[in-house]
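**Student:** Just so you know, the sequences run in chain order A and B.
So the first sequence is numbered by the working numbering: it starts at 1 and just counts up by one.
So the second sequence is numbered by the working numbering: it starts at 1 and just counts up by one.
If you're looking for bench data, these hints aren't it; they were derived computationally from the structure.
All of these numbers come straight from a predicted model, not from anything done at the bench.
A few of these clues could be false.
[Stated by the list, open to error] Computed footprint of chain B on chain A, listed as stretches where at least three residues anywhere in the stretch have a Cβ under 8 Å from a Cβ of chain B: (1) 223-230; (2) 234-242; (3) 245-252; (4) 319-329.
[Stated by the list, open to error] Each pair of labels, with its calculated beta carbon distance range: (5) B:SER75 to A:PRO255: 41 to 47 Å; (6) B:GLU122 to A:PHE4: 52 to 58 Å; (7) A:LEU14 to B:ALA238: 38 to 44 Å; (8) B:ASP374 to A:ARG146: 45 to 51 Å; (9) A:GLY147 to B:PRO107: 54 to 60 Å; (10) B:PRO373 to A:THR142: 35 to 41 Å; (11) B:ASP49 to A:GLY147: 48 to 54 Å; (12) A:LYS246 to B:ASP55: 31 to 37 Å.
Cβ coordinates follow ideal geometry from the N, Cα and C atoms, glycine included.
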Amino acid sequence: MFGFIVRRLMSSALVVILTSMFVFALFFLGPSDPARPLCDLNGKCTPEKLQVLTEQMGFDQPVAQQYLTWAKGLFHDRTITMGGTYHCDAPCLGISYSSRNEVTAELKQKYPATLSLAIGGALIYLVVGTILGTLAAKVRGTAADRGLVGASLVISSIPYYVVALLAWIYLSLQWGIFPDTSYHPITTDGVGPWFWGLLLPWMVLGLTNSTQYARFSRGQMVETLGEDYIRTATAKGLRTNRVVFKHALRAAIVPVITIFGLDFAYLLVGTVFTETIFDIDGIGRWGIRALRAPVDFPVVACTVLVGAVIIVIANLIVDILYSVIDPRVRVS
Amino acid sequence: MSDRFLQGAHARTAAQGDSGDSTHGSAGPAGEAGTVTSTGTTDGGAGRDPFLVVDHLSVRFPTHDGLVQAVTDLSYTVRQGQTLGIVGESGSGKSVSSMAVLGLHNPKSTRLEGSITVGGQEVVGADDATMRKLRGKEVAMIFQDPLTALHPFYTIGQQITEAYRIHNDVSKGDAKKRAIEMLDRVGIPQARSRVDDFPHQFSGGMRQRAMIAMALVNDPKLVIADEPTTALDVTVQAQILDLLQDLQREFNSAIIIITHDLGVIAEMADDVLVMYGGRAVETGPTKLILTHPEMPYTWGLLSSVADVAADTNVRLIPIPGNPPSLLNPPSGCPFHPRCAHRDKVPGDLCVTTLPELLPAKVGEQHLRRCHLPDPEAIYRTEVLPEIAPELHDDEVAG
């Protein structure tokens with residue numbers, strides 16, 4: 001088990017490193033001049049100003065050299081000159097072009113909102129989706145089952161941002177059921193405001209995504225309920241609920257968890273919409289702003305890197321969960 | 001064909017045939033009862049009333065294409081200490097009828113008619129609570145493929161312990177002791193450590209032993225073994241059958257063994273029920289069915305059994321055609337489209353009229369469905385010479 005985790009950690013690190021190289025390459029091998037966005041920021045960009053910035057930022061050096069300088073910043077303090085001179089503490093991912101703050105300092109301020117939103121939403125759609133799917137499978141063929149499958153198809157065919165926007169307009173603005181939808185840090189404002197502020201975004205993110213989980217886990221569950229070992233469990237004299245929720249669910253949940261790990265990337269995309277619509281100051285909105293011209297390269301690189309790390313961690317957790325649920329994985 | 005079991009059966013009837021005493025009918029159960037008393041059971045008259053009574057049972061599944069008639073008008077009984085073999089090809093209704101005994105069909109998609117009583121308790125239409133008390137406790141089931149029939153994510157011990165604790169109010173520790181005891185009893189080496197293994201860590205034979213241990217953990221009065229050896233090695237098959245027989249002698253349970261293998265029937269069963277197209281087509285004491293079969297389908301089953309010791313000049317004779325559709329069953333006798341002896345019946349009786357289950361010429365309690373005027377003679381003069389020439393010669397000479 002320990003060796004398995006170490007091996008997985010090493011391959012995860014490799015994925016993160018490759019992602020960072022890829023992002024770096026995107027900006028430098030692209031058609032635009034990397035110094036250009038920074039040059040465009042304050043006043044007119046003259047050829048002389050561009051020249052100075054290119055030299056200051058080291059954009060005239062080989063790309064590999066620049067990548068190493070950037071990567072080294074994770075372990076050593078750096079002094080960055082771009083117009084003015086800025087000190088950047090390790091771990092350093094550069095200075096934001098637009099705000100002139102350290103990127104890691106901004107990240108520290110923004111990640112709790114995104115993490116709260118993503119974990120809360122993911123928990124809701126995993127739990128609600130699986131339970132609905134299991135119940136539908138248990139009563140498959142009945143009106144309740146058909147109703148659930150139909151409703152889930154309707155909901156998942158509406159684009160997510162439309163649902164989020166409608167929820168915000170009606171539930172928050174119009175009817176005032178959720179008057180305050182914003183992020184309150186748990187550390188300064190306490191659990192109550194944090195919870196109530198995020199409740200509507202969680203529900204919108206969780207419930208809209210739960211429909212596809214309900215359909216998927218229903219399919220898995222119907223298949224599992226046809227397995228021989230389920231018939232064995234019934235033949236032992238177990239109650240139906242115990243057969244369904246203990247014997248069948250344990251087997252049916254494995255593929256659901258696989259999808260859950262893969263879905264984490266989409267969840268991060270979902271949080272971008274959610275943060276924008278519900279006015280939550282998180283990583284998603286930060287990354288989208290950084291992409292607007294002039295592109296704030298250090299921020300974009302940071303958000304992509306954080307995204308990669310989150311997805312890698314999510315999949316690591318999924319792999320560990322596998323071996324907890326399925327003993328056959330543990331041995332091999 | 002020169003099947004050892006067929007020869008054995010012939011030899012046995014020949015030896016007992018002239019003693020004047022009936023060797024069939026109650027002989028099977030009576031013989032078993034003798035064994036029972038010797039192992040100390042003092043349950044005097046309990047063996048007389050059948051433990052399981054299946055009476056005019058029909059099982060039908062409504063589908064989009066129509067009504068699938070899986071089992072039609074089936075009746076049989078099983079006493080404690082007795083083994084009934086149900087034999088037939090895939091789709092003959094042998095598994096479906098025995099699953100009905102445990103109420104394992106989804107009631108919403110199944111139409112059950114007739115009656116099944118287990119120890120006097122009516123099962124057809126019984127509520128879930130009643131069924132739960134029967135399942136695993138009074139009636140236990142051993143399934144065909146132990147790899148798929150055991151839950152892959154729970155240890156063998158957890159699965160046996162769970163089966164025991166449903167019906168017995170004991171601690172987990174005591175239940176585990178019982179599980180180890182049962183694994184030991186069915187011949188799992190180092191049961192104390194193997195109890196914590198998962199099914200995939202067991203070999204095929206050991207898995208089936210574990211399955212048997214789980215079925216017998218509550219001392220059930222009836223064990224239904226649904227093709228218990230089909231998924232196993234030939235060498236392991238014999239061990240499993242021996243084990244079942246040993247355990248039956250020890251616990252005096254009734255056994256229904258479902259199979260398509262007549263070798264298993266010859267080895268295990270006191271009585272045989274041959275099923276075709278969801279109906280009983282021939283039933284009676286095993287020795288009689290194997291030596292004096294009176295239904296062409298049973299002849300077909302006997303002719304199509306392979307035997308490694310067989311004379312290579314003897315051909316296996318497959319039954320022509322396919323099993324009947326259960327959606328649109330054939331008119332008259334269900335076997336008539338595949339029957340080679342149909343033209344010996346006057347008129348088109350086979351096509352128009354379903355033969356009754358009537359007493360056969362040889363043997364008490366031997367019933368068969370057939371319009372042939374003298375099927376016993378046809379078997380003796382036409383079928384036997386083809387499938388076992390040397391047996392036929394023996395009989396002519398003797």
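**Student:** Next, verify each hint and record whether it holds.
**Tutor:** Verification of the hints:
With 3 residues carrying a beta carbon less than 8 Å from a beta carbon of chain B, the region 223-230 of chain A meets the three-residue requirement, and the given coverage holds. Only residues whose beta carbon comes within less than 8 Å of a beta carbon in chain B count, and the region 234-242 of chain A has 7; three or more means the coverage holds. Evaluation of the coverage hint for the region 245-252 of chain A: fulfilled, as 3 residues show C-beta separations to chain B shorter than 8 Å, against a requirement of three. With 4 residues having a Cβ less than 8 Å from any Cβ of chain B, the region 319-329 of chain A passes the three-residue criterion, so the hint holds.
Distance hint check for B:SER75 and A:PRO255: the Cβ-Cβ separation is about 45 Å, which falls inside the suggested range of 41 to 47 Å. Between B:GLU122 and A:PHE4 the beta carbons are some 54 Å apart, a value that agrees with the proposed interval 52 to 58 Å. As the Cβ distance of A:LEU14 to B:ALA238 is approximately 54 Å, the hint placing it in 38 to 44 Å is violated. Take B:ASP374 and A:ARG146: their Cβ atoms lie about 58 Å apart, and the range 45 to 51 Å is violated.
Between A:GLY147 and B:PRO107 the beta carbons are some 22 Å apart, a value that contradicts the proposed interval 54 to 60 Å. In this structure the supplied range 35 to 41 Å is violated for B:PRO373 paired with A:THR142, their Cβ-Cβ distance being about 54 Å. B:ASP49 and A:GLY147 have their C-beta atoms about 50 Å apart, which keeps the hinted 48 to 54 Å range intact. Under the hint 31 to 37 Å, the C-beta atoms of A:LYS246 and B:ASP55, about 36 Å apart, fit the expected range.
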